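Asker: Just so you know, the sequences run in chain order A and B. Be aware that the first sequence starts at 69, since it is given in my numbering, and climbs by one per residue. Be aware that the second sequence starts at 10, since it is given in my numbering, and climbs by one per residue.
Since the hints were made in silico from the structure, they are not lab data. If you're wondering where the values come from, they're calculated on a predicted model, not measured in any experiment. Where is the CB? At the ideal position from N, CA and C, for every residue including glycine. Certain hints may be false.
Stated by the list, open to error - What the simulated footprint calls covered on chain B by chain A, stretch by stretch (three residues with Cβ under 8 angstroms from a Cβ of chain A suffice, anywhere in the stretch; the number is not a length): (1) 67-81; (2) 91-99; (3) 102-115.
To be verified - Derived SDA-like pairs: lysine to any residue, alpha-carbon spacing no greater than 25 angstroms straight-line: (4) B:K61 / A:Y398; (5) B:K81 / A:E496; (6) B:K120 / A:I485; (7) B:K81 / A:T391.
What the hints assert, rightly or not - Stretches of chain A that chain B covers, calculated by requiring three or more beta carbons in the stretch to come under 8 angstroms of a beta carbon on chain B: (8) 476-489; (9) 492-498; (10) 503-512.
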Amino acid sequence: MKALISDETKVRFRLPARVVSVVGALAVIASVFLPWAYGHEALDDVTFTGAPSPLQSFFLLLPGLVLLLLVVPFLGKQRLGRFAKAIAWNTSARTGSLATLATVVIALAAIAIELKGLINIEIGGWVAFGGALLAAVGTPLLPDSPEPTLDRVKTPKWAQIVGIVAMMAAVLFLASFALNQTDAGSFLTFGALLVGVVLVLRQLGVLGWLSIAAANNNRVLVLSAFVVAYAFPFTQNGSDANMSIASQVLIFAAAALGLNIVVGLVGLLDLGYIAFLGAGAFTAAILSESAFSTVDFHPPFLVTVLISGVVASLLGLLIGAPTLRVSGDYLAIVTLAFGEIFRITMNNLDGNDGPNLTNGSNGISGIPDLNFLGFDFGQAHTIFGVEIGRFANYYWLMLMVIALIIVVFMNLNYSRIGRGWVAIREDELAAEAMGVNTFALKLLAFAGGAFLAGVAGAVKAHHDVSVTPDQYVFLESAFLLAAVVLGGMGTVMGVLIGATILKLLPEKLRFFSEYRLLLFGLLMIVMMQFRPEGIIADERRQLEFHGEDEQLAEEIEEELITHHTHLFPERKGFVL
Amino acid sequence: MLEVKQMVVAYGRVNAVKGISFTVEKGQVVTLLGTNGAGKSTTLRAISGLIKLVSGEIWFEGERLDGLAAHKVVERGIAQSPEGRRLFRQMTVEDNLKLGAYSRKDGTAVKADMDRVYDLFPVLGERRQEAAGLFSGGEQQMLAIGRAMMSRPKLLMLDEPSMGLSPIMTQTIMTTIRELQAEGVTILLVEQNAQAALSLADRGYVLEVGQIMFSDSGRALLGDDRVRRAYLGAD
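So that you can see chain A by itself, here it is in the shape it has in the complex (with noise of 0.2 angstroms):
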């Protein structure tokens, strides 16, 4: 863009794409109020005049924040003081611009889809598109913005939490919000607004402050984000729908934080990584008080738990001791191989070609809910008014369970095996010659991680209710490293969102199902063009991917100094 525009050009011009853009953006607000399509069936029916829909409602906040940015500071920069420098009032109205134009499309084209043909694009739908176009096109022709500086305004440490509090409340409102969208079409349009909005938001310097206030703050944001976690449930009104689709988010980001201590922090790449979760569920399923358990020994469930990951962490210890020695390709290849020996032997303990254990390819059906001192799993509770289901119990459970992995995973991170792990994934032969014990580190880490697929796995037999051989397969390990290689390598908040992006898009859009590997591998290639270290970045591996990359060092370099070191001398920052 700026190539083409010089900036003489768009300082002169820059009265008339002013109005230009102001003229769109208002004929995009204007669009809300009139009806987009014929037919009631597209995007949860936006054929109302003067009504809009909770879609377009939602939606006006792009256009919206698209006026302000281009008004506000036309009005009068001086009467803003010193925020009217802090934000980068142009460039953040042109990415603003740019994802209205995005998400219009996005949604005419659902409501073409779904009624089949362009025809049934009402006028709404036409304005909005000639109003995000007339925006698209006005807003690059106005002078380049500084860099924000919002993000080094000196704010209080109350506002601070309430930002984060905030934050995290809209993050509740909006995930149920979104979750809510039944079809496709609505579910891809609010995605994208949102998508737009944080993209506008990360122009005009909030996220910077966010993610300092959020450094800042960080017992504030780790209770307010379980707090949230938590509150989830209350936002469904007793649907199980989403909170299956929640539930089962949570046993894959588990499984996804285990295989990040190996992968992200010590760097070892294990592509077999699904069979400790299926050890775990396999070990939960045989113990359990299911008819088709095959040994008679049902141990109460915090017992099983215990036992499921120390089968997991042997197995860990039995493919790593004679692996964990030679290095990297090797290693990836060996535990491929051992993913699908677990499934084929899961197959084969049926009897036949070997003791029943597993009943074969049927597997263990049947499995009880779990009951803790009289709290029935399988029942409905109702919990200040509102109905808590069967997975929102799983849900919670799960959510302890990550709780306690993440202490866990920050507090190794932290400490001297951590240091030691991330010291093997740098450089294995310095590492060695400290005087770290390469092969006990990586065989720990690799146990541990198995430890803790295994539990999610116990849990996971009993919300599955039935545990089979082909539910872990191969394609399931590539997409446990998928979640960690696309969140961020070596931290928890990256990871988590990860795993929702890759277990929430696919139950979202089951009409691509076909094409879902297609996108992932779409998905996996961009990342890797423009963000190699995945969406949230370990600050230790922005370096490795960027190191040539002199201004980024600088400013890592700056940051460091700047907050970091003062915030947490002795912790250097927590990546969450």
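Fit chain B to the given chain A structure using the hints.
Answerer: For chain B alone, coordinates are given in the frame of chain A:
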């Protein structure tokens, strides 16, 4: 203190070190000279336990060293600053030093030793929270030496500490080595810069294609015609 007897080390079928023997006495600076591929770095790696011996023995303070795992060797009191520095580039200076002290469990003494490294190399102290990869070559070399010192070794092995450094920087590094020796650290130095190495070495061994050709005191080797021709650029 350190005695290497008839040591053979191989990469696959190729013998990189073909039966060398040498000794390092306590408090000395001993240097291994030789061209690329002479087997100097391999020798250091073998002493550190990073590669297994094919045959031969390594003795350190009356104990057999060969066959021990690398981290056990560090616990016995031998540290190495490996060839090419091999810092943990994404870690801070402080974390690099902490890793150097990985084998130690005396936290307060580690802290004191860390301060000693910062005293020795003030640049590192000023930027202790910065990633090691952001430092210049000379500064990285300082960190590599500092890191190796953090295990409080009785024997410090330095693999080409002057590689890629300016003459002034090389001088600084050599001065540091002399200071370390004055503090009682025994040093085994591998260098291509023969002039610098020999002028502080008590003893020098000249390696060629995996064998020790000859050895003498550092001063004598500086005056030796063969050394002068091969390594000091004299006719």
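Asker: Report holds or violated for chain A covering the stretch 67-81 of chain B, Cβ cut-off 8 angstroms, minimum 3 residues.
Answerer: Answer holds; 3 residues pass the 8 angstroms Cβ test.
Asker: Between the stretch 91-99 of chain B and chain A, are there enough contacts, at least three residues with CB-CB distance under 8 angstroms, for the coverage claim to hold?
Answerer: holds (count 6)
Asker: Verify the coverage statement for the stretch 503-512 of chain A against chain B, using a C-beta to C-beta distance below 8 angstroms and requiring 3 or more qualifying residues.
Answerer: holds (count 5)
Asker: Do at least three Cβ atoms from the stretch 492-498 of chain A come closer than 8 angstroms to Cβ atoms of chain B?
Answerer: holds (count 4)
Asker: Would the hint linking K81 (chain B) and E496 (chain A) be met if the CA-CA limit is 25 angstroms?
Answerer: Cα-Cα ~16 angstroms, so holds.
Asker: K120 (chain B) and I485 (chain A) were given as a pair; does the straight-line alpha-carbon distance stay at or below 25 angstroms?
Answerer: Given pair K120 (chain B), I485 (chain A) holds - Cα atoms ~18 angstroms apart, limit 25 angstroms.
Asker: How does the coverage statement for the stretch 102-115 of chain B fare against chain A, requiring three or more residues with Cβ below 8 angstroms from a Cβ of that chain?
Answerer: Contact hint for the stretch 102-115 of chain B vs chain A: holds, 6 residues under 8 angstroms.
Asker: Against chain B, does the stretch 476-489 of chain A show at least 3 residues with beta-carbon separation below 8 angstroms?
Answerer: holds (count 3)
Asker: Holds or violated: K81 (chain B) with T391 (chain A), Cα cutoff 25 angstroms?
Answerer: holds, 21 angstroms
Asker: For a C-alpha distance cap of 25 angstroms, please report whether K61 (chain B) and Y398 (chain A) respect it.
Answerer: holds, 21 angstroms
Violated hints are absent here; each numbered hint is respected by the structure.
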